[in-house]
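Visitor: Given next are the chains, with one letter for each unit.
There are 2 protein chains.
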Amino acid sequence: MTRLSDAMKECGVLVENELDKLITVPNTPEKKVAEAMRYAVLGGGKRLRPFLLMEVAGLFNVTPAGALRAGAALEMVHCYSLIHDDLPCMDNDDMRRGKPSCHIAFGETTALLAGDALLTRAFDVLADEKTHSDPVVRCQLVTELARAAGFNGMIGGQQLDMMAADVDMDLVEITRLQQMKTGRLISYACEAGAIMGKAPYNERQILLAYAKDIGLAFQIADDILDVESSAEVMGKNVRKDVDASKATFVSFLGLDEAKKQARTLVEQAVSYLDIFDARADMLRDLARFVVERKS
Amino acid sequence: MTRLSDAMKECGVLVENELDKLITVPNTPEKKVAEAMRYAVLGGGKRLRPFLLMEVAGLFNVTPAGALRAGAALEMVHCYSLIHDDLPCMDNDDMRRGKPSCHIAFGETTALLAGDALLTRAFDVLADEKTHSDPVVRCQLVTELARAAGFNGMIGGQQLDMMAADVDMDLVEITRLQQMKTGRLISYACEAGAIMGKAPYNERQILLAYAKDIGLAFQIADDILDVESSAEVMGKNVRKDVDASKATFVSFLGLDEAKKQARTLVEQAVSYLDIFDARADMLRDLARFVVERKS
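Going down the list, the sequences are from chains F and A. In terms of numbering that gives the first Met the number 0, the first sequence is residues 0 to 294. In terms of numbering that gives the first Met the number 0, the second sequence is residues 0 to 294.
Isolated chain F, as found in the complex:
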């Protein structure tokens, strides 16, 4: 996995620098919001979504600089969702990526606005011609991100997650919840790369199938880590789902079966990539990383 971890590290540096360039702090009284935006997006995270986007874009020879901008925009949306999820009226989490949550560091008001501003900035970045020369492509990037992150995607999934402590969900419902809450944004990473590369329809569908499987495997692995790992390693509080008696893949399937399912999903995801040559090797490694990661 050295090959993958080197590549992810390299991508992480690029994403960090790009976000640093895209979110600047002016010397004006309202600058606290920009500082909170930077606090939330810089210096942490696996950058899984931008990495995925850039790897898929690479399959279709997309200009790396454009793919990096789209990846940074996607990471902004991911980070906005973390800020809002951590707020007291949501998961009420005081720790994220090994440091105080945004609202602990900046107060609720500024954190809420920083989340709003990151979501808004993401669309600004995507619609800019520096991201892609073809305006039809840029519109598609905007449309699909809005759908993945919106009511029928991430936001709907978040609502389901907030209801999960109070209602009994079966495995089908939990799977749907997770596919909306985390799956859709992971799928968007692959879709955006394919959109930018004007990938043929069948290849786009194959990449979406790959994304759907690794997204679900990622969430199952998260549930497993929530039981097996520690707050120090994860950089966020663990066992909150158990404490809230929320149904998870682990609580339904048991630890062993959950691990087996995650591995099966990953193997299926890798098999989808058979139509691509060695250029998809990193995506193959990434699929395996999703379940083998320790944090």
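What the hints contain is simulated information worked out from the structure, not anything from laboratory work.
The list makes no distinction among identical chains, and a pair is therefore deemed to hold if it is satisfied within one copy or across any two copies.
Quick list of in silico lysine-lysine cross-link-like pairs, DSSO-like style, CA-CA up to 30 Å:
(1) K31 x K211
(2) K239 x K30
(3) K258 x K245
(4) K211 x K30
Add chain A to chain F, keeping to what the hints say.
Guide: Chain A only, in chain F's frame:
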């Protein structure tokens, strides 16, 4: 003003129907968010921004159906900002448009998510080819909305407003705050109409100057109404700024001077429209309405 009020009423019905079509409630467990979105956008408001957008678009013969979609998207962003502004960690307002605020009716969690979802949906609507056939125009609509609503616009203005109770602001600072918090979205209404109509540069600049003046006049009028009107007429709590000892145009200028300034701005705004013929009459009437309105 019958001509204007009839036109605004007619536009209001169109906007209401469009929003009704664009935000539907599925029969799924997370539907409460969609219900909250509809609660926040339907059945209220002057629809000032969509009206402005459609009137400007009309100057350049833009397809009304497309302008209506853009107007509805803009109204979604306006309503999202109201939901988030009313939250306990912001202005903590329990009344909006004559009914309980969104978080009072649906709870904080769902209200927060409904705001997020409205902002997200707006970009989805703008990027759709049903809004405009030219993808470059659609990208410009997205870019300019993101800038007007983002950190350098509405969100920055909101942060300043939250700071206003604790810091002494002078008239220049209050003007900047208001131009960011409410002015930028009103300017966007004019800009979006001009973008959709591919207006010549100078006409676009003139419309922006018009928008800037009526936006400021609108806010001064709001401060005046906050002092002179009642919660029943306004549909929201009044005199909150005075209670929070926030500086307003009225507290700085006094009631008479504030009224005079608002009228001066309106006459200036109207004079900008001299290059347009009678087709801009509604925009002229609207400028006057902004300061003469009773709620």
